[in-house]
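Colleague: Each chain is listed here by its residues.
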Amino acid sequence: MMNPADQSPRSPRPVPERFLASKATLRLDALMTWLIRIGGVSIIIMVLGIFVFVLSQILPLFKGAHIEPQTETAVVANAAQVKAFGVDESSRLPFVYEGGDELRFIDLAQNGKIISEKLTLPVGARITAQDYHAGNHRMAFGTSTGQVGLIDISYASEGTGAEARIRGSAKTSASIPIGQEGAPVEMIGYGDSGSGKLFAAVQNQSGTWKLVVFPLVQKNSLLGAGKIEKGDETDLTALIKGKPVKLLVPQTADSVLVADESGTVSYFFLNDGHFEKRQEFRPFSDTASPAVASMDFVFGDVSIVFTNPAGETRMFSLFIPQGTDKRIYGQTRTFSNLPAGATFFAASERNKSFLIGSGTRASLLHATTESTRWEQTLAFEPAAAAVDGKFNHIVFLGKDGKIRVLGLNDPHPEAGWKAFFGKVWYEGANQPKYEWQSTGGSDEFEPKLSLVPLIFGTIKGTLWAMVMAVPIALLAAVYAGQFLRPEVKRVVKPVMEIMASLPSVVLGFLAALWLAPILETRVVSFFLVCLGVPVLAMLVGVAWSRMPVLTRARIKPGREWLALLPLMFLAGFVLWKIGPLVESLVCVVKDPATGKVTADFRLWWPKVTGCSFDQRNSLVVGLMMGFAVIPVIFTIAEDAISNVPNSIIAASHALGASRWQTVQRVVLPVAAAGIFSALMIGLGRAVGETMIVVMATGNTPIMEWNLFNGMRTLAANIAVELPEAPVHSTHYRTLFLGALVLFVLTFVLNTAAELLRQRLREKYKIV
Amino acid sequence: MSDEATASPITGVFTLNPRMIEVRDFSFWYGAKQAIFNVAMNIPERKVTAFIGPSGCGKSTLLRNLNRMNDLIDGVRHEGDILLDGQSLYDPSVEVISLRKRVGMVFQKSNPFPKSIYENVVFSLRVAGRNKRSELDEVVETSLRHVALWDEVKDRLHESAYGLSGGQMQRLCIARAIANRPQILLMDEPCSALDPIATLKIEELMSQLKEEYTIVIVTHNMQQARRIADDTAYFLLGKLIEHAPTSDIFTNPQRIETERYISGQMG
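Residue numbers (this note's numbering), protein chains in the order written: chain F, -10 to 756; chain R, 13 to 279.
Where hints are given, some of them may not hold.
To be verified - Label-pair restraints from in silico Cβ distances:
#: 1; chain 1: F; residue 1: W694; chain 2: R; residue 2: E171; range: 16 to 26 Å
#: 2; chain 1: R; residue 1: S146; chain 2: F; residue 2: L452; range: 41 to 51 Å
#: 3; chain 1: R; residue 1: R168; chain 2: F; residue 2: P460; range: 15 to 25 Å
#: 4; chain 1: R; residue 1: G178; chain 2: F; residue 2: I448; range: 48 to 58 Å
#: 5; chain 1: F; residue 1: P460; chain 2: R; residue 2: G68; range: 56 to 66 Å
#: 6; chain 1: R; residue 1: Y42; chain 2: F; residue 2: L491; range: 50 to 60 Å
#: 7; chain 1: R; residue 1: E171; chain 2: F; residue 2: L491; range: 43 to 53 Å
#: 8; chain 1: F; residue 1: S31; chain 2: R; residue 2: I209; range: 52 to 62 Å
#: 9; chain 1: R; residue 1: G178; chain 2: F; residue 2: W649; range: 23 to 33 Å
#: 10; chain 1: R; residue 1: R168; chain 2: F; residue 2: V480; range: 41 to 51 Å
#: 11; chain 1: F; residue 1: I27; chain 2: R; residue 2: Y42; range: 49 to 59 Å
As the list claims (entries may be wrong) - Calculated cross-link-like contacts (lysine-lysine; reagent style BS3-like; alpha-carbon spacing at most 27 Å):
#: 12; chain 1: F; residue 1: K585; chain 2: F; residue 2: K566
#: 13; chain 1: R; residue 1: K59; chain 2: F; residue 2: K478
#: 14; chain 1: F; residue 1: K566; chain 2: F; residue 2: K579
#: 15; chain 1: F; residue 1: K754; chain 2: R; residue 2: K121
#: 16; chain 1: F; residue 1: K754; chain 2: R; residue 2: K166
#: 17; chain 1: R; residue 1: K45; chain 2: F; residue 2: K752
#: 18; chain 1: F; residue 1: K379; chain 2: F; residue 2: K102
#: 19; chain 1: F; residue 1: K478; chain 2: F; residue 2: K107
#: 20; chain 1: F; residue 1: K545; chain 2: R; residue 2: K45
#: 21; chain 1: F; residue 1: K752; chain 2: R; residue 2: K222
#: 22; chain 1: R; residue 1: K59; chain 2: R; residue 2: K222
#: 23; chain 1: R; residue 1: K166; chain 2: F; residue 2: K752
Source of the hints: derived by calculation from the structure; they are not laboratory data. Even glycine gets a Cβ: it sits at the ideal position worked out from N, Cα and C.
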């Protein structure tokens, strides 16, 4: 028993100095701890920063239009009678035409000061019909005396700085008499494509209406461009059923569209100087009110927006239906209903947006995406509306006589979920499609921004690369890890690692300029080698295992490849050489035109499968990208296989398992997690690979699994298009969206892979 | 000595072969280093023969040569010969796979596969292409009963072998080794990682197993050798010093090195 007094607390003895950690050690430890912490945190911040940046580039794509009232100016006494209304490109000087012989510009900067421009009309004539085209500020008119003409409205800047003013002027061209002399023109349409000019007019010829169409022709002589003269008139009256209510001539000046009372639209096409009635359709034949209340072109004059008196809004576009060769109109879109037939309409001159409305209801719609960008019930009733050339303002002329300017901020109307990921029926297409075509030749071009073909291309490229790489890399890893003698492995592994360090631009260059031309003519040889060499190797294996044990004992385990290698090379060489012979026997194509028989895989493949054959195709990409991916997969998989504990390999051998049985039943399951990681890292490399794809494919964003044509991947798309995309344009932001999709794709893949890998590791964990 | 011999299901003979394994003047090198020097010995059938000796004396190396496990190591070579039932192990006509089916092995550290208990036991049958369910079930039960593991694991045959304790795992490895009924069972310090109770179980098991199998065991534990072995061979620095019935070795060693070793003065 201890004396309790002995347990009384004693002051601890000082710890001898030799047990203490030195100050320097502690300080260094603290410093390194902090450095590592800072490093780790900054990496997370950087990754997040990139993510935030990419998001900040993308988010504006998904915003709707922002519209706010700016100015309100009272000017016009009788706004309900307004015949034409338009604005300059920055909405500072709208004009109003109320009939009569003057055009009134309203200077909003000077509080609605009116500047009248006199129109020079024929004597005694009054304008009875007009058609104003906002894009080229030109108003075609018809008079009570049976004449037609054009008024060109132009804007000019005067002064600088605060004194800067815009001055508007109107120039009236000489009038041309049409049809029956003196009979009033009731409706007019005019289109001008630069080379062609086309008038269409409905004339009241002594009580009966006539539809008269004629071009303006310019005779060119040796002395230069000649005078513009009226061409031959065509009377189309007989070809339409009811009285025309709407008349449209597109700026292509090659056709005329007429809607009659019954709601039937006739489409006349100018073919070789003659008008043919190409189509007759009723946009609202299936509805309760089939009449056409409005009919207007969307920018580009390929699509027409119709409304009926019930307010149903539909869009028809020109396209060539499958199996025919003529462009006709067909319904491609339906928009949400208006309260009644449209009373005002204004198309943007920048994009496929348009402002449409009825009564006090106004909507800004976008044709391509079929989306409503903005919608509001206004406090006033507009008599007319305009969207300026810069797509920065909406200008309403209210029935109360006030001009209201609304600021419009909608930089990305063509963007949206549907545009990026949905099937869209583009203008000119005969069905809804996923399509990527971000830029086009003309201003009227409709951007096609579907990311689906790019995602498809990414998957296709990756898939073909993996098809090429995985069998070779995995078998090589198994062989090197479990069969090959270590002294050979010590050479093979570093060589494979050097292969991984080859710059992909070099591989791409080789693929495009060396491999593609060879493969183009030797597809059959290639496939013979691909099939023949492995089959031969397997046959040799079978034969070898049948040989007597004494014969087999001559070659030590792990040295078999020395015997097989020359054989494989020989077989590869022979198969490569007999490829053309096989091609000449199998791939025979008869030219239907000449009857000439040729043996060429490049012709045979499209004939047999209906798919195309390109020189730079997925096979080339798959091979080269496979070449880039093989060392990645090989190195990691080989590590995983080599790391399988010897104890269980020995156990397997001791139980009488052969080398392959050991690999199959013990090594592969145990190494599965590592092998899976290897595959995923290889996949990641292939998904993000850029240069090889850029250089070795045609970069065509098509959606076909065909091995013999190209693809465009997300990564390649960014590389190719980002340099030419204007900063902060829809195109630019869409490319960033592509980057995000790529990121999400790899993120999802890697996360799924990691989860699976953890499960595999758990399942085959070695204690 | 053959009084107790019964019909062996494997050999089908009634007399036991006193020279089941015949090591003839055997030397062995790892690269340039010689590990075994001119060892000659006979190992009798259905007896337990223990190899004892200090670390690095070549006893494990010799054991691993008995089923040519050393083939898996690079740069090894040998001289002399080892005969199994009169046939050389190194004859070119010997398939190493079939040799290993005849000579099973249990390792120092238990090394079950990352599979279920069931699949561990039937591994040797599966690699031999025997996949009949009823046969496998029967083998699993008899093998596990043989190692007295059946009652402990019969309800979790399809769970991972890694859920077993160390002693159970080692017994599972023995069950796995005898599942395909080899003639010879090599055991390389099978109890070195086990606690005394597990060790005792394995030792009991060995004395049962020798009814059917020829057992060669490497052990550091002289008491173990004394308890279970019929014959004991003492190795020192790659040489066989003494090979005699266990009782003789321990009570009346002929060589001074043996005596020093078993009396604990060296080793």
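Colleague: Next, verify each hint and record whether it holds.
Modeller: Each hint tested on the structure:
no., hint, result
1, W694(F) <-> E171(R): 16 to 26 Å, "violated, 44 Å"
2, S146(R) <-> L452(F): 41 to 51 Å, "holds, 44 Å"
3, R168(R) <-> P460(F): 15 to 25 Å, "violated, 38 Å"
4, G178(R) <-> I448(F): 48 to 58 Å, "holds, 49 Å"
5, P460(F) <-> G68(R): 56 to 66 Å, "violated, 45 Å"
6, Y42(R) <-> L491(F): 50 to 60 Å, "violated, 40 Å"
7, E171(R) <-> L491(F): 43 to 53 Å, "holds, 48 Å"
8, S31(F) <-> I209(R): 52 to 62 Å, "holds, 56 Å"
9, G178(R) <-> W649(F): 23 to 33 Å, "holds, 31 Å"
10, R168(R) <-> V480(F): 41 to 51 Å, "holds, 47 Å"
11, I27(F) <-> Y42(R): 49 to 59 Å, "holds, 50 Å"
12, K585(F) <-> K566(F), "holds, 25 Å"
13, K59(R) <-> K478(F), "violated, 43 Å"
14, K566(F) <-> K579(F), "holds, 24 Å"
15, K754(F) <-> K121(R), "holds, 16 Å"
16, K754(F) <-> K166(R), "holds, 23 Å"
17, K45(R) <-> K752(F), "violated, 41 Å"
18, K379(F) <-> K102(F), "holds, 23 Å"
19, K478(F) <-> K107(F), "violated, 94 Å"
20, K545(F) <-> K45(R), "holds, 22 Å"
21, K752(F) <-> K222(R), "violated, 36 Å"
22, K59(R) <-> K222(R), "holds, 6 Å"
23, K166(R) <-> K752(F), "holds, 21 Å"
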